[in-house]
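For the protein sequence lines, the chains are D and Z, in the order given.
The opening residue of the first sequence carries number 1361 in this note's numbering; numbering runs sequentially from there.
The opening residue of the second sequence carries number 66 in this note's numbering; numbering runs sequentially from there.
None of these hints come from the bench; they were simulated from the model.
All of these numbers come straight from a predicted model, not from anything done at the bench.
Each hint can be trusted.
Listed next, the stretches of chain D that the computed footprint assigns to chain Z, with coverage defined by at least 3 CB atoms under 8 Å from CB atoms of chain Z:
| # | stretch |
| --- | --- |
| 1 | 1422 to 1432 |
| 2 | 1670 to 1679 |
| 3 | 1763 to 1770 |
| 4 | 1789 to 1802 |
| 5 | 1815 to 1821 |
In the PhoX-like style, the derived pairs of lysine-lysine whose C-alpha atoms are separated by at most 20 Å in a straight line are:
| # | chain 1 | residue 1 | chain 2 | residue 2 |
| --- | --- | --- | --- | --- |
| 6 | Z | 124 | D | 1793 |
| 7 | Z | 135 | D | 1779 |
| 8 | Z | 69 | D | 1433 |
| 9 | D | 1434 | Z | 79 |
| 10 | Z | 135 | D | 1778 |
| 11 | Z | 135 | D | 1754 |
| 12 | D | 1686 | D | 1754 |
| 13 | Z | 124 | D | 1849 |
| 14 | D | 1433 | Z | 79 |
| 15 | Z | 124 | D | 1779 |
| 16 | D | 1706 | D | 1730 |
For each residue, glycine too, the CB sits at the ideal point set by N, CA and C.
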Amino acid sequence: MSLNQTRYDTRLTAELRRLQLEIEGYAREYGLDFFETIFEVLDADDLNEVAAYGGFPTRYPHWSFGMQYEELKKSYEYGLSKIYEMVINNDPCYAYLMRCNHVVDQKLVMAHVYGHCDFFKNNQYFAHTNRKMMDEMANHGTRIRHYAEKYGEDEVETFMDRCMSVDDLIDIHSPAIKRRSTTSRYDFSPEPADQARSAIRFKSKGYMDAYVNPPDVLKREEEEFRKQEAEQQVRFPESPEKDVLLFLIEHAPLKGWQRDVLSIIRDEAYYFAPQAQTKIMNEGWASYWHSTIMTKHALTPSEVVDYCDHHCGTMAPYRGRINPYKLGIELFRDIEERWNTGRFGKDYEECDDLETKRRWSLDLKLGRQKIFEVRRNHCDVTFIDEFLTADFCKEQGYFSFNYDEHGHNYVVESREFKKVKERLLFNLTNFGKPFIYVVDGNYRNRGELLLKHEHLGIDLKLPYAQDTLANLQALWSRPVHLQTVVEEKPMLLSYDGSEHSNKTLGEHDDPRRHASGKAR
Amino acid sequence: MGQKIERDYQRFRKIVRGKVKSNLNKYITRGELIGKKGNDLVSIPLPQIELPQFRYGSKGSGGVGQGPAKPGQPLTQPQDDGDGNQAGDSPGGHILEVDLTIEELADILGDELALPRIEPKGKKNIVTSRDKYSSIRRAGPESLRHFKRTFKKALRRQIASGTYQPEDPIVIPIREDKQYRSWKEVPLPQSVAVIVYMMDVSGSMTDHQKEIVRIEAFWIDTWIRAHYKGVERVYIIHDAAAQEVDEHTFYHTRESGGTKISTAYDLARQIIEQRYPPQDWNVYAFHFSDGDNWGDDVPHCMELLKNELLPRINLFGYAQVESPYGSGEFLEHMKELAEEAENLICSRVPDREAIVESIKELLSTGR
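The following block holds chain D by itself, in its conformation from the complex:
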């Protein structure tokens, strides 16, 4: 790929090329393993453009990229922020540098980039991503431009807006898990376990039978089973489907081009999902390596101050949220330290004596090996769950905060480790977004769509939920319903194409009762 429209050479200058080779060498020495990496040097304006397109200059046209661009451009022009680098998960990896940056910044960025490239290539959560995405995105762009030409720009754009409103309703774990059974839904041969499904009879002597197994109870139970079975047969989807987009692609009455557009948006959502899933680790890993390579090898004495300034700027903790760079790098270093000194496992955990614990040192030197293993096998949720310790949390000064309803603002809640970890994990799980499933594609036997929000203690933002529902309705064509919980009461939000309605549900329909393990 090349940016044809640029009026300057986007290749590395001879000096940068030399530095790239040097830094690539260090990266390889440390055992980083990456796709070939192609650097392009861009002006701020072009870099902002590429960044607005999520790194893909050939992406399909949509106003949302224009919106991104305006934000980047204005922040850059007023000196509020600037992009140092962009790396694209692709084989070969593409990385963009800012042309006006100082040489020491370019070195830092290159070292950082090799960290990302290694992560993209080796982290399990990226295994399913398309490594020729640069080409794929260009194809998507061509297809969507073609549809816009053929069916009208407004029409295609309106449809895309709707798709984008629900593009987070995907099942991020589905690439790694087989969700659907291999047996066909159209296999109608009767189940062999028929009698196992009949009511349970307790063993009894003949004269006691009417008392031990009262006939009316048996009858009732049998009926219940039959009802369940009947339900089982007509249930569609068979089990709750979290990949709402896939369900729509397969079952919504869409036109050919609409189906294709929706699948393009779904493909891209899956491609980008791992980057959100591993934000802390990915940035942490890249920062760990830029700091290691720069401080141990690449820095010249005259560059130290500039390097520190830039590095600190990136690592500065934020008050109101997590800085993924900071948390990531510190946690990787903590893990390395713990595995170097043997501060893990049963013996260490169970040691009661603080003094012994403080002086614990086994000289195992397993740290480097461990962090490489961690970068291969974990995503942010498991990374935090497994390696965040109370000591680390205290040392770093983390606190949790919650929403104060009376003051309408966020208030510091606690410094307790358990609370901090809980909040952190909640906000990382499913990207901190609600779990929504398709439970019935033929609701009330009228072809209506029933979704369920698995309520985990926090209500949905209602106006948003209603508008999103309206967009789903437009895709599904028939009325759409969402089971959720509003202020402790189970509710059914509905939209039939012209009007919203909210209905409080009886206890029986409480989605919390059905929030079963099956769904996950």
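Since the structure of chain D is provided, determine the placement of chain Z on it from the hints.
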């Protein structure tokens, strides 16, 4: 700016300005960035469109932060409606709003407006723009490929790389060789126009009203200048007598006295007759007043308008502000006349907020 992002950006701006797609309007948020210009904090408007998604509400939500803080200490400013937007970290104190230059504002104002019924007339011209194919770029649609240049470049490359054989002169362009025609917007002379601004500066107009009138005249003027190059302008102020003035005087005069609108109309007629004969010029006239005319003068005004002015000009716009003293009945007379004459447009401007609407009334497209 690349052509590709330019398109998406323009599309976004159009949606934000409400020119297309009303169904996204409710999702537009008027955000801002807080920046610094010298020592002042400035607010940089940043409109955004947030497509609805299933999201958690703020009740029961929370997160994790880092740094010194005591439990119970608030992290953010209170929010109005309790929705969990970004933490409000806006600094206090006065903030100036920057961003738009006057040209940009005129642009925003302008896309829905036009000088109605403009016709190509005369030789001295006003200008609109047209695309002209005058340059070359390395990317473009195949239909615009520059055949000769492409093959020249391919030939040069083949000679340089040694793959060209004079005895078998086959030249095959590869992608890098391809050259495409590209266009520039060039101003194109089209038609000529003169705008006559008339303003009532009589004693019955308070400062507040003069301000409204000036703002409206200023924006109409700015917009026309931004969109039509080389338009001639004539400024007339009047109380009981009318005089032609320059631009600066027009915007800065304080007069007092009675009101005789007919004097202004008469002066306008003379100027048009002498300097801008209607067969060569598109003539537009705008008149701003509080409608508090000297009673006996009204029939004379109507006569002048009907028989002398309206037949000669493309459009006469009349904008009237509220009058604290008089009846403002002049507007009623004008409205009566407007029913028979379609190139007369009346507009009422009760307060500052109504200015934009009034401009749109006067200059809306499709008339």
